[in-house]
Each structure stands twice: as C-alpha cells, then as structure tokens.
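Could you build all of it, start to finish, from the sequences and the hints given here?
Chains as they are written, first to last, in the numbering used here: chain E, 1 to 84; chain L, 1 to 84; chain C, 1 to 154; chain W, 1 to 154.
One thing to keep in mind: the hints can contain errors.
To be verified - Okay, the calculated beta carbon distance ranges per label pair:
1. Glu69(W) <-> Pro50(E): 29 to 39 Å
2. Asp58(E) <-> His130(W): 13 to 23 Å
3. Glu136(C) <-> Glu69(W): 38 to 48 Å
4. Asp19(E) <-> Ala142(W): 24 to 34 Å
5. Ala45(L) <-> Lys73(C): 35 to 45 Å
Rather than coming from a laboratory, the hints here were simulated on the basis of the structure. All C-beta atoms, glycine included, are put in the ideal place defined by N, C-alpha and C.
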Amino acid sequence: MKILYFAWIKERVGFGEEDIDLPAEVKTIDNLFTWLRGRGEEFEAFLEQPDIIRVALDQVHAPERDTSLAGVREIALFPPMTGG
Amino acid sequence: MKILYFAWIKERVGFGEEDIDLPAEVKTIDNLFTWLRGRGEEFEAFLEQPDIIRVALDQVHAPERDTSLAGVREIALFPPMTGG
Amino acid sequence: MAEPVIKIQVQHADFDLNDEIRQLTAGRHDIGAVVSFSGLCRDEDGTLAALELEHYPGMAEAEIRRIAEQACKRWPLAALVAIHRHGKILPGENIVAVIAASKHRQAAFDGANYLMDFLKTRAPFWKKEHPKSNTEGEWVSASDSDDSALNKWD
Amino acid sequence: MAEPVIKIQVQHADFDLNDEIRQLTAGRHDIGAVVSFSGLCRDEDGTLAALELEHYPGMAEAEIRRIAEQACKRWPLAALVAIHRHGKILPGENIVAVIAASKHRQAAFDGANYLMDFLKTRAPFWKKEHPKSNTEGEWVSASDSDDSALNKWD
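Here it is as structure tokens:
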C-alpha cells in the first residue's frame, strides 16, 4: 500500500510517501489510524485529533471512517484544504 | 431646450438632436408628449405607445410623466435599453 | 478599506481583461478576489453580419457610475471597472466588461453581477442587428428576463 | 448546446486571463457571457514574504474536474476552466483562476462561483505562510466561512 502525507502531517511524520504492507487486520480507515498510532510518537502526534484528518482513497475523498480499504492502492492523509 | 432622440426614435423623427423653444404651457413630460404629437406624423408615430418611451432629464432617468421640466436643459427620449 | 476605485469607459476599442485587472491590482496587497464579466456578441444561426451599438454620450458613463456607486455602498469593494463598447461589433467580439475587486470573493462576485444586471436595464445603450441577408438592420427588443434579473437584488 | 469544454491545470506558472478567455471563445459564436474569478495572494500587514502552495498531484486535478462536471450538470455551460498555481507565490500574485462561459450571464456567474466555493474546500491544496520575520512558516487554518459558503448551493 502506498501512503501519502501532506502539509503539516508530512512535516510531523518526516516524509511524504511510503510503500508499506498493511497487516491483514487493517480493513478500514479506523483500523489504519489505530495501527499508525502504534508506529511511534510522530504518528501519535498527528493523530491526536483524528477528526480533523482528511483521508482520500485512490484520490477520492473518503469522509466515513468505516470505509473499507479493500482493493485500495493509495491512501492519502492530509489536513483540511486551504487552497483557492 | 435641447431635445435628443435615440435608436429607432431617432430614425422615425429623422434627426437625433434639436434646439427648440418650448411653449410656456409645456411644464411636464406629459405636456411635452402632447405638444410633440402636434408637430407632425413622424412624432405621432413614435408616440403611439407613449408608455414604452423612456425619458431622461439632464441625463438622469425620469420615470414619472408628471415630472416638471423647470430648470431642465436637456431632454432625451429613447426606447428601453438593450446594452450590456 | 480605502475608498473604492471606480473606472467607467465607453469606447469603440476592444479591451484586454488581463491588463485591466493588472492595472487595478498593481501595487495593492489588499485585493484577494477579482471577478470579471465579459459580454460577447452571439450569432448562433450564423445570420448576423454585425451588431451596431448606439449610446447616449455623457449619460451612458454617468448612469453606469451611479450603478457602480450603489454597488460600492452595498459591498466592500476595492475597485469596480466597467468598459462598454459602442459602434460596430462583429460576432464573437467583446461588447462589455465589468470587473469587481475585493478582499473576499463573494463581494467581488456580487458586485460584478449587480453592476451587469443594472447596466443592462438602465445604461442608455441600444443594439441594432445587421443581418447578412439584409441591408436594413433591426433594433433589438428589451428582454423581460433582464428586467426580472433585478428582482434578486431586492 | 454542445458538450461543455472542461480544462483543469495545476501549474507553477502564472496565467493570462485574456489569453485563456480568447482560447475558449475562439471560433465560437454561441458564447454570450464569460465570468472569470482570480484569487490573489493578500498581504495587508506587509508581513508576508511568500505563500507556499502544496498540492496532491493527480488528485488535485481529478477533484477539480469532478466539481467542474457537477457544475456542468447544474448550469448550461459552454466551457469551464480552472488553473491553480502551486509552489512559491508572492504577495499580489495570482493563486487561482476560474473561468465559466455560457450563452447567458447568470449561468456563467453561478458556474464560476460554485466551482470556486467547492474548489476552496475540496481540492487538495494547502497554503503555508512564510513571514518576512521568521524562517519557519505557518500552515494556514481552514476557514469556517469557506465551509458555510457551500450552503448557498443546497
């Protein structure tokens, strides 16, 4: 699975992109957040307020946290958008 | 008094501008319309439907027909606007 | 916010929107949003040779300025520009431009939209259509939808 | 009306609105109204050195396109263009442009306004402010007024 981080999340994690094999029990966005928290304090830090983190699956917004990751190739985590 | 005519009104009257001494009894826009009708059939023709004629006094719209002409230097008669 | 800049021009020459916008934003860092409207000469049937735009010199500028001043009372605008062409205009060419600049986008959208709606029904311009087939043109009739467009500002 | 033309560009380079409008109206006589919005980098305090615009390549274009397609379902648009810059942007410079073209003016105003409102809150771009005084910049917070601007389209 390719995971992308943007803006201040990228700065806290320390990198913008990784390729990673997710464990079989990570089936939803919620599961992913729980699993990421266990990877170290840089992940815990940006997941302190999980409600403000936006998630896109294969470049489409996924607002529901119980959305399945089955078949997904690219997950992106980012703060609320401030373009325009 | 300077009187200006625009668009198809100008075409019916045959000219766009005239300087004319209005008789003392022409005190309002209504009076002006009545007086103009007496000037010939080209005036009668465009005043057949007086309600659609717009009037400006000194370059300001004057929607009411009982508006006084006292102190006015320039009267313009024209059809509804179609610019923009 | 500083006093809004109002610029009204009635001219035969065409205009360059990018230049106009650059002029009104040059040296200013308080403008975050610019909305422009341009109105073009349509000819869906391919029957139109040209439009002829007649106007009332003096009143045309004064009336658009009055509308622009109303818009500036209603929204916090930094600048408002209107350029209306007169004379012969070919299909596909520009007829009119309105540009509104503000700190935030909704004021710029509303200011430009308001100015166009009132310009259409109050500024003394008249269009004559010269068809390809006919030497004598026809004056365009005023549109009810232009009149009813004003209702949204009540 | 023919299928609407949609053009989405995410680029560092600046744009020329007049050129963009000319391209989309060239050879067409069915467009009577073009509305453009440009968003500029503000700096009212004079404290900003530059904005840095980060984006999600691929999704940024795809998401703006989805919004543009929604707009084309809602209004009879002839063309819809969005150009969003990324990278370093100085005060007074352009950040974003949206252009909507239609037969009539209200569809063009609404299409451009709608595209901007949704682009603001849904397109994956993030602004970082680099102040003159400080080497480390700060990420801009999302604005509640941008979220509530969407309500007018319900």
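So, going through the hints one by one against the coordinates:
{"no.": "1", "hint": "Glu69(W) <-> Pro50(E): 29 to 39 Å", "verdict": "holds (31 Å)"}
{"no.": "2", "hint": "Asp58(E) <-> His130(W): 13 to 23 Å", "verdict": "violated (32 Å)"}
{"no.": "3", "hint": "Glu136(C) <-> Glu69(W): 38 to 48 Å", "verdict": "holds (45 Å)"}
{"no.": "4", "hint": "Asp19(E) <-> Ala142(W): 24 to 34 Å", "verdict": "holds (29 Å)"}
{"no.": "5", "hint": "Ala45(L) <-> Lys73(C): 35 to 45 Å", "verdict": "holds (42 Å)"}
In terms of the numbered hints stated before, the structure departs from hint 2 and from no other.
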